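J.: Chain by chain, the residues run as shown.
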Amino acid sequence: MYNFFSFFFSISSKVFCFVILLFLLHSGFAQTIFIEWYYDENAAIEITEQTRTVSIGTIYIYSNDKFRVYSTYQIVPKNENENLQIQVTSIKIGKTSVSLNPSAPTRVTNKWLYGTLSIDFLFLSTLSDFSLILSFVFLPPF
Amino acid sequence: MRCITLSTFINIDNAENFQCLIFLIVLGISSVLLASGTFYAVIDSGGTTWSQILTFTVKQNIRIDWNYDETNPVPVDTTTNDAIIGYLGFTSNKAFKVVVNPIPLAQNVQVEEIKIGNTSLVTNQVVLIVGKQLYGNLYFKFSQLPQDENSEFSILVEFTFLPF
Numbered sequence: 128m129y130n131f132f133s134f135f136f137s138i139s140s141k142v143f144c145f146v147i148l149l150f151l152l153h154s155g156f157a158q159t160i161f162i163e164w165y166y167d168e169n170a171a172i173e174i175t176e177q178t179r180t181v182s183i184g185t186i187y188i189y190s191n192d193k194f195r196v197y198s199t200y201q202i203v204p205k206n207e208n209e210n211l212q213i214q215v216t217s218i219k220i221g222k223t224s225v226s227l228n229p230s231a232p233t234r235v236t237n238k239w240l241y242g243t244l245s246i247d248f249l250f251l252s253t254l255s256d257f258s259l260i261l262s263f264v265f266l267p268p269f
Numbered sequence: 005m006r007c008i009t010l011s012t013f014i015n016i017d018n019a020e021n022f023q024c025l026i027f028l029i030v031l032g033i034s035s036v037l038l039a040s041g042t043f044y045a046v047i048d049s050g051g052t053t054w055s056q057i058l059t060f061t062v063k064q065n066i067r068i069d070w071n072y073d074e075t076n077p078v079p080v081d082t083t084t085n086d087a088i089i090g091y092l093g094f095t096s097n098k099a100f101k102v103v104v105n106p107i108p109l110a111q112n113v114q115v116e117e118i119k120i121g122n123t124s125l126v127t128n129q130v131v132l133i134v135g136k137q138l139y140g141n142l143y144f145k146f147s148q149l150p151q152d153e154n155s156e157f158s159i160l161v162e163f164t165f166l167p168f
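Listed in order, the protein sequences are those of chains E and Y.
Position one of the first sequence corresponds to residue 128 (the working numbering), numbered consecutively onward.
Position one of the second sequence corresponds to residue 5 (the working numbering), numbered consecutively onward.
Keep in mind that the hints were calculated from the coordinates and are not lab data.
Computed from a prediction, not measured in an experiment: that's the story for all the values here.
Hints may contain errors.
Here are the simulated lysine-lysine pairs, DSBU-like style, with alpha carbons at most 35 Å apart [stated by the list, open to error]:
| id | chain 1 | residue 1 | chain 2 | residue 2 |
| --- | --- | --- | --- | --- |
| 1 | E | Lys-219 | Y | Lys-119 |
| 2 | E | Lys-205 | Y | Lys-98 |
| 3 | E | Lys-205 | Y | Lys-136 |
Isolated chain Y (complex conformation) (with noise of 0.2 Å):
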């Protein structure tokens, strides 16, 4: 915290804070940056100013904007193993963290990468945003899929947010 004196106050057993009370009168305009607690002061006519510095932090939030076809099951392509599921979007009012962690809910499926954008998330790795925004293509590979190539499969991905 900033400490901003103007003035010291008052110990009248101190010979050197003496000075400082006659000063003080004679200046007209006395002038003390104090913390929590009491103050104590004459009221110069020229006024006497208190001030007091208040710390004000905003709480952090996280807005998520997602984009997909929810009536179809996601296309995944076979011959790279990869699949785009929409646009994603994460916005917050201040720099965050995020952590993905993709669980499949079927056997056989392995992800072996995620990329919002340009950016890619590593499983349960902590990933800075410091520009505060997060969005581009939600992008899956796989490292393993199943054999039958027409079955359906869900994966459970939980996105993490934490404070920078």
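Next up, chain E with everything else stripped away, as it sits in the complex (with noise of 0.2 Å):
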């Protein structure tokens, strides 16, 4: 008797699922967002004081609309005890600047970013490791 009312039930929601989707595309309401990004995430990015710009692989951002975009960032010392001042001054996607700012995001009309993932650094005291983690906030058009 469970049997069939699980198998049942695994029935009606994969229909009742198909049918919210198709309400959602013809509605207009589902705009999706689709990231690719590879790069060797084993790796540690090695860098020095002098360091100013990392690259992190290619990426490729699009989405069914057009969207806005902007990214924020924390820098996460090794060594939990040190105070690292690191900033990071900018983002880019190939030769687009992804906003840090969340107040004025970026806006992405022709719906797709592409290009190799930039980041500019300011190391504002001395160097040691840290990981950074970089968010990209996406947003719909308006």
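Two chains, each in its own frame: build the complex with the hints.
T.: Encoded structure:
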């Protein structure tokens, strides 16, 4: 009895899901974002105090509609006792600069971004190993 | 690599993920931490966040400061069989290891011990320097010296620096 019920539910949920998705697509609500990015995540990226820009692979971002995007980041020192003064001054995908200001996101009107992901750094203190949590926030066009 | 996953995505064939899909649409904000590869999500009106952790490591360097009188041979005290060859300092941006190898370029010369400040360096033995710095007077103790007290001899000293 239980098996019949769960079987019925799984079938109906698939149908229901499909209907929801259709509804969303037809009503134009479902804007999606697709990101393709390949790099060797197991390799630590080597830098020196003189490093200004780091390039991290090629990234391809596209959507089925225009979108807005901005970037935020967090510096996490490897040694948690250290107070590292590191700033990211710019994040670029190819030639397009991604806004670091949440109040003024970058508008992507041709629905895609493609190119080398590069990050510009400003090191204001002595440098030690760290992690960078990089985030992209995608927003609808308005 | 840390994975902070606030939502799981999305395989329509699975009944549990169906509930997840509805939850995400209602929530308005979704965030996924994903490894290298591809990522696919719905853009919510409140914004959809995609995060990545990048690890950066600083290349290790070594700086050597050595002050001694280069114009004259280093005097060896024949009563104590030792000599001080100025002030030597090693500084790195990370902890490091160092190995010393003194190579006498004359016969009848043997180095028994080398010290930098208070740190003893045994020939061909790796010494761990956790504090990123090693400095002090460069001190040589000889176990064998030439018989002729007026003779001069040379020693080639090799320092090898290794990551920690």
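J.: If any of the earlier hints don't hold here, list their numbers in rising order.
T.: When the structure is compared with the hints, only number 1 turns out to be violated.
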